[in-house]
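Required output: the full structure, derived from the provided sequences and hints.
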Amino acid sequence: MLVRSPQAALQRLFDEVGSVDQIGIDERVAKYGTRSIKKAAKVWGLRTAVTMVDLTTLEGKDTPGKVASLCQKALRPDDDVSIPPVAAVCVYPSMVRHARRALGNNSSVRIASVATAFPSGQAPLKTRLAEVKAAVADGADEIDMVINRGAFLAGEFGRVQDEIAAVVTACGTATLKVILEVSELETYDSIRAASFLAMRVIRPGDFIKTSTGKTSLNATLGNNQVMLEAIRDFYLDTGVAIAMKPAGGIRSAKQALTFLIAVKETLGDAWLNNTRYRFGASSLLNDLLRQLEKEKTGAYQAPYYFSEAAESY
Amino acid sequence: MPTASVVKKSSRASQRFANRVGRRAPELIFGDLWAFDPAPESADPKLKPRYNLFINGKFVAPKGGKYFDSINPANERKLTEIALAGPADVDAAYAAARRAADGVWGKMPGRERAKYLYRIARLLQDRAREFAVAETLDGGKPIKESRDFDVPMAAAHFFYHAGWADKLEYVAPGRRVAPLGVVGQVIPWNFPLLMCAWKLAPALAMGNTVVLKPAETTSITALKLAEIFQDAGLPPGVVNFVTGAGDVGAAVLNNATPAKIAFTGSTEVGKIIMRSLAGSDKKMTMELGGKAANIIFDDAPLDQAVEGIVNGIFFNQGHVCCAGSRLLVQEGIAEKVLAKLKTRICSLRVGDPLDKNTDIGAINSREQLTKIRALVAAGVKEGCAMFQPQCVLPPKGFYFRPTVFSGVSMSSRVAREEIFGPVLSILTFRTVDEAIEKANNTSYGLSAGVWTDKGSRILKMSTELKAGVVWANTYNKFDPASPFGGYKESGFGREGGRQGLLDYCKLI
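Quick note, the sequences are listed as chains A and B, same order. Numbers 4 to 316, taken from the numbering used here, label the letters of the first sequence in order. Numbers 7 to 514, taken from the numbering used here, label the letters of the second sequence in order.
Only true hints are included.
Pairs of lysine to any residue, SDA-like flavour, derived with a Cα cap of 20 angstroms: (1) B:K64 with B:I234; (2) A:K41 with B:R355; (3) B:K362 with A:W47; (4) A:K45 with B:W40; (5) A:K42 with B:S48; (6) A:K257 with B:W40; (7) B:K362 with A:A33; (8) A:K41 with B:D43; (9) B:K460 with A:L13; (10) B:K483 with A:E30; (11) A:K42 with B:A49; (12) B:K444 with B:S418; (13) B:K121 with B:P242; (14) B:K402 with B:R83; (15) A:K257 with A:A44; (16) B:K113 with B:D172; (17) A:K257 with B:A45; (18) A:K34 with B:A41; (19) A:K34 with B:W40; (20) A:K136 with A:S97; (21) A:K45 with B:P46; (22) B:K362 with B:D154; (23) A:K34 with B:P158; (24) B:K289 with B:S272; (25) B:K460 with A:I26; (26) A:K45 with B:P44; (27) A:K42 with B:W40; (28) A:K41 with B:S48.
These are calculated hints, taken from the structure and not from any lab test. Predicted model only: the values in this text are computed from it and were never measured.
Next up, the structure:
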């Protein structure tokens, strides 16, 4: 009889998906920072990053007006019309209908909504599923859910996974992003294990996502790398391509380029587009625009030359 | 049970995949969707058109008046010309070293010698970029390695030994130490500046003076270091550089003056030196070849192990005496590791060493390239399966694709001989004892790597592996405080740490 403790259950899952050496990961990702991206490659990287942004506002003080302004920024990030729109806006469920009104029905910018009692996930499953359905009914194209970290840490992996599967069903045709909230899982081993739990029940093209942006530690190159490697292993094993979204803490263009280099060198060309990779961010967008402007004119512009639409994470 | 649903879901996933039988297996594409623009390091290496010998604190022309060309292995163009030393020059260098040992350096208090060493270390840091570019031009190693490893580590060796210079009474507790006098040193071409620092710093800290011969293909950074010695006001004759090929090396090693000979290079040359010095009362340390085993157990974190394999064999184009050139993988995971390794190698960038994005640069010389090609051809002929990524190599210069041989047996030449290039041989094992036996079944014993999640196994392996360094869950880690040296035909004596200092002193 196998021991039924959280540690034992965790151990069996780790044995199955393999472990991660923290020092090794940190050394690997440090090398991405030494890549030197210049000229045309830099412009390509910056523009691609713009198209990958999920422009986000997740605050208690959000209003329909602010969401409308966010949507406008998402459609036209810059005065320069050659700059492409971002991938999506990301808002709370109550703001989805306002975002839909602002964007209309034929917009290339998608509407993502956090749901499932974001950010804690501490609500009954029934409530969480109802929230997902409501957001989809209001017009959300994508749902960002949080996993049940309490259940994960208690070793109840079946429960974690069944809940994700229930949300998949509740989503209907909407794309799902599964937030692991990496800072609460703490170790790279747990992040890898949780990635596999999620990937085994979501659909091709669904995302796994690092964090809510509501805790002290969000997306880092390290946890991004662990999740990219999990996606790669899962893809090579099953042929199912899962997408990735780091969120929170990516504020500068330089950081975004380094994350993209990690994607290029871990998952290859097929993941270098916004159906497979996104940035959950808001202040990142204006830094990308500022760097693009610098590449064009050779001079840095003052931050106030770029319109602000959101100032949260 | 929680895991039951895991298994079920996993089989559902594989079911999905099985439904598309007939399609190609999933593959990752490492193409040129996001090709990086060239990013050459632009610092000026400040090369002179001609370098003279460095004897008695001055650059002097060789008595024979001859010079040889130093070329850039990345494009085969001439960089500068280097003085060819003759026997008379070597004698002059030793005479200067003798005077400096007896007159100034040997008598100087350790705390005073420390000041010079600190000054050298700081001056080297000040000119780090310049030295990194010079090192890359001269030797072909990628700029990111010379910038992030060679130059900072060279400075670190001077700093570390500067710290020892006023604490020498603690090197051998209960004993007093005295310098040996004059030391003769010959260093290889794989880490030209770092080997210089590695050899010079402990010798100088201990109060010895030195005649050193750099390798003929990579003399530039040693001679640039001589400029730093001048700037640091190092007393004349404390360090002397004589340049040239093997005959100059022989003259340095066979001279009657030195009390000790230190050599880093091939086992073949090491044996010749030991034969010629047999019967003399000279002390010797030898740091020779290696054919290290990098051992991966089935519980290891595989992606990090793959990273360690890549770092172990492709660092500095595999021109590393402690390179992890034999990969021993536990049978159950051999296929998986090979697949992961192939994927990883496809994202390595081979090309212009001066480009900041280059992972694998140029092979040091045509001679070395010929040797690597011959051994790889032997591997293919012996029936080992070869994998090379399809990267484009520059048209001119000495380049070799990263190469992996699988299905290698212990008797293959590629498993026994030191290739000193970016060539990895993969062997398998089943049990811990078999791994140890295979790892030790070599005439070398410089280093080894062990990858496992199990701590007690690491301790067991490190005890039983006959290797001077055993890295656990990492590879190619160096520190001035950590002694480095070999077992068996990998040499004797240690460099670095307290043990390294002991090889440069007399105990009284």
